[in-house]
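K.L.:
Chains as they are written, first to last, in our numbering: chain U, 1 to 357; chain L, 1 to 357; chain H, 1 to 357.
Do not take every clue at face value.
For identical chains, the list gives no copy identity; a pair is met inside one copy or between any two copies.
[What the hints assert, rightly or not] Quick list of in silico lysine to aspartate or glutamate cross-link-like pairs, EDC-like style, CA-CA up to 20 Å:
no., residue 1, residue 2
1, LYS41, ASP51
2, LYS27, ASP262
3, LYS209, ASP282
4, LYS209, GLU281
5, LYS152, GLU7
6, LYS256, GLU302
7, LYS297, GLU240
Read the hints as simulated data drawn from the structure, not as lab findings. Here the structure is a predicted model, which means the values were calculated and not measured.
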Amino acid sequence: MVDPKIEQVVQFERTRPDVRGDAHPKKLLRAIEEDGDNLAKLSDQHIFSSDQFDRGTLLQLFRLAAKYEANPGRFSTSLNGQILISAFYEPSTRTRLSFESAWHRLGGDIMSITDRSTTGIAKGESLGDVAEMFNNYGDCVVLRDSQEGSVKEMMNALRIPIINAGNGIDEHPTQALADLYTIFKWRPDLVTDNPGEPLNLCLVGLPSKMRTVRSLLKLLCDFPEVFASVTIVNDFSREEMFAPGQLEQLEESGLKIHTAGDLDKVLPEADVVYINAISWEDNSFKEYGKVFHIDAKSPLKENAIVLHPLARGEELCTSLDGTSHNWYFSQARGAVFLRMALLTCLVQRAERVLDVI
Amino acid sequence: MVDPKIEQVVQFERTRPDVRGDAHPKKLLRAIEEDGDNLAKLSDQHIFSSDQFDRGTLLQLFRLAAKYEANPGRFSTSLNGQILISAFYEPSTRTRLSFESAWHRLGGDIMSITDRSTTGIAKGESLGDVAEMFNNYGDCVVLRDSQEGSVKEMMNALRIPIINAGNGIDEHPTQALADLYTIFKWRPDLVTDNPGEPLNLCLVGLPSKMRTVRSLLKLLCDFPEVFASVTIVNDFSREEMFAPGQLEQLEESGLKIHTAGDLDKVLPEADVVYINAISWEDNSFKEYGKVFHIDAKSPLKENAIVLHPLARGEELCTSLDGTSHNWYFSQARGAVFLRMALLTCLVQRAERVLDVI
Amino acid sequence: MVDPKIEQVVQFERTRPDVRGDAHPKKLLRAIEEDGDNLAKLSDQHIFSSDQFDRGTLLQLFRLAAKYEANPGRFSTSLNGQILISAFYEPSTRTRLSFESAWHRLGGDIMSITDRSTTGIAKGESLGDVAEMFNNYGDCVVLRDSQEGSVKEMMNALRIPIINAGNGIDEHPTQALADLYTIFKWRPDLVTDNPGEPLNLCLVGLPSKMRTVRSLLKLLCDFPEVFASVTIVNDFSREEMFAPGQLEQLEESGLKIHTAGDLDKVLPEADVVYINAISWEDNSFKEYGKVFHIDAKSPLKENAIVLHPLARGEELCTSLDGTSHNWYFSQARGAVFLRMALLTCLVQRAERVLDVI
């Protein structure tokens, strides 16, 4: 007989009441009407920057992501015969597995490169030649490189689509897409003709240096009416915390941008709290804002949701994990479906999953 | 024309008379009656320790493994749509490829992590958060980590099954399953109502430090009547060679445990000789028992079989490879089928392969 | 609305007028009659050296490669259920991805080993035991190892086929196959009963040290009538530039081998220019012939084609990329189809793709 003590250790539950961010993809599906035309342009584009998306394309991407999330196993052959080149020259497991999982879920094949030193680049091969090689071997590329200019250099020679999965301090567009997707899954009314109250967004991070923040702020520009206010919290001054032109772009879109240094003063009004502490600089990561910290005792609004691109450190305490504020795990789960939606469009397979195209 | 000398070099045989452990999976299939109920509990369990198996579950696992080994190509779609996260933070090719081959043979997809430094753990991410990430990206995890506590820490947060593929000096349960499976393929009568002579097992290794030995000894506890004696051979004293509680657990099960320091005195009575020289300590491997060695001249019983978890060094001489004692290559081959059986049950796909469930 | 400047950056073309080596696989398909018998011997051979191919087998391999290149998506299930072990112990992305892409395109599964230190070899495991392990886990092996003798040592114990993907300075047979395939796609008349003018081949490289050159020269021996002359250009003397026996093997086949030190004197007569600057010695790469260089201003014949095994450095200038001399990108593209053809035969799946066998 098996010792009950060991049984207790090895038994696990596959489903628990999901207090961590009830996803509501079906509500979002109903809130947005399908319009395949808005996805058509993605079939000949690289995904480089949040700047390249407009409102219509974003809504259709979110709708398709919600369709995938509501029907996880249904589209398992959509990418049959397609090969993804998964090139992560900067250490990452989270983003790499998120993309690879998305591609596998749709039935595609994958070739991984996880060590820069094994590539011809070590022999002095140009990125243009690496791109030409990729043209012959795969159908889509995902690239993370600490060297900011690599993805753009490859885009010039590529004849298959490439996704920027994080280039230095510059951008990480698919993370931002996943973040905004999560917000709309929580409040689908905001994309309908009958929206409820707009949101106060509190963003703890450094816009000049954190690529997830930079990419997200750009997307917010497409939905200025959704955000009553955007309050950026860090320990830099308003003059120093933005990259050149960044604040101007945000304000031109109609967003109300506030800045603050005291998090606990901002939290009581925040509907969405986004927090991040890490930026990728000089081939390594750097931490900012050590003084900022959220936990179960923070003065959060009762219905406030918390987002974090993960990996997290002490800035986001585990005491929040079991609360209804926790939408950061849902954010990570939804990111796979968002990437499924994007990848489907990039390799021209959208017609296999849309009802009308 | 092609130079006959080069033809001689490049020609190879796919099948040779299999002197290295005639597998007999079909005989084992006939010896055990199918009983799917005994596999049901595996569908909500992590695989952490040999302690969690009872006799009934073991026999059904061995039966299913034998079914796979007897019909290698038949079940090639059983794991369609399932994603394995293959995480090997400690150097390994043998065990990783064994698991990945098993998963591929059943039609599943794989994402590999072979470098600890590429994971968020390098950024200080907790194992609980890594587990939550795995929940979103895959359907099953296999983990080998020199840090003994990692797998248990992840088990707390995982909602998909994880297999401990070797955690420091602690356990390696699937290797033990493969070892016992091999013994029963050789002597299927021992699991019937009409067993022949029980076995004298000679085990060359260090129970306190070698995880393969620790896991195997636990499994023997479920079949005390199969083993007339278990003689453990190494250069430690009986007081020093066991971990706390280890010898007691073995003797409580009814096994007769002897210890010895002179291998050549034990071999003439041994039916099964299991030998291993390596343990994994402190993130590297350590060798024990340099004085112990088996070769074609060793005083083995005529029908004795030799097992080794591999990789081997000088303790198991290649002069035995071409003899009928060599069941260590069969052991490695059978390990793939054993893992196929286990993985099938863990991801709740057993109903696709069992006749009655 | 999206800023047109960013749209310009992210938009790309999937197809451009292909000035870089119009592939003509269909012309080659028509030029060679199918004869499956000539491929039969490959089903029980390792691929070790260019020496093991004869003319008949080469023509059928090229025909099958052309069939794949002319119908890229048609045979996507030919390797269903087959597992490739992709072992690259020497840094490589180009060759590894070329093989893995080929295997994926035919519907097979892959297990990759890219770090020698993770294998049992680090524990002192013999290559014979590694081979025995591969026998149990996969159906085909591709190996690149800077240690020249590894592939032969494994061939002795393997019961599944292995392809030498580059062993030190010795050989790289599949690269040579891809090179000759490219030449015949350009001039398919040369393998018919009614060939046009034979070719002057100019080969910039070091036959004694460059494995791609060594393997290619051997294949030329099977088609002496195709090459009016072979002129090898480097900065070594005729006595020093060949390995022992190398020049004799070439001359015995009927090839006219010239040597020269002044590239610009040879180019005006060359129909095919092959250039390479790198050899793999002592676990690292070494450059030769820094003085030799081709660019758009070189005195090339109007219809001359340029080949390079890639990766390239300054010896092959990017100014040639947009010219009709550029057949090196077509060479890389064709290499995938050539490998698809070879792999199909090795794992005994040719009957799934040939019309008559």
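K.L.:
Please go over all the hints and tell whether each is borne out by the structure.
P.N.:
Results of checking the hints against the structure:
Taking the shortest alpha-carbon separations for LYS41 and ASP51, only the intra-copy value of 14 Å comes in at or below 20 Å, while the best inter-copy value is 51 Å. In this assembly of identical chains, the alpha carbons of LYS27 and ASP262 never lie at most 20 Å apart, being 35 Å within a copy and 73 Å across copies at closest. Only within a single protomer do LYS209 and ASP282 lie at most 20 Å apart by alpha-carbon distance; the minimum there is 11 Å, versus 38 Å between protomers. For the identical chains of this complex, LYS209 and GLU281 are intra-copy neighbours only, at 8 Å inside a copy versus 41 Å across copies, given an alpha-carbon limit of 20 Å.
Taking the shortest alpha-carbon separations for LYS152 and GLU7, only the inter-copy value of 13 Å comes in at or below 20 Å, while the best intra-copy value is 53 Å. Taking the shortest Cα distances, LYS256 and GLU302 never come within 20 Å of each other, neither inside one copy (23 Å) nor across copies (64 Å). With identical chains, the CA atoms of LYS297 and GLU240 are never at most 20 Å apart, being 30 Å at best within one copy and 51 Å at best between copies.
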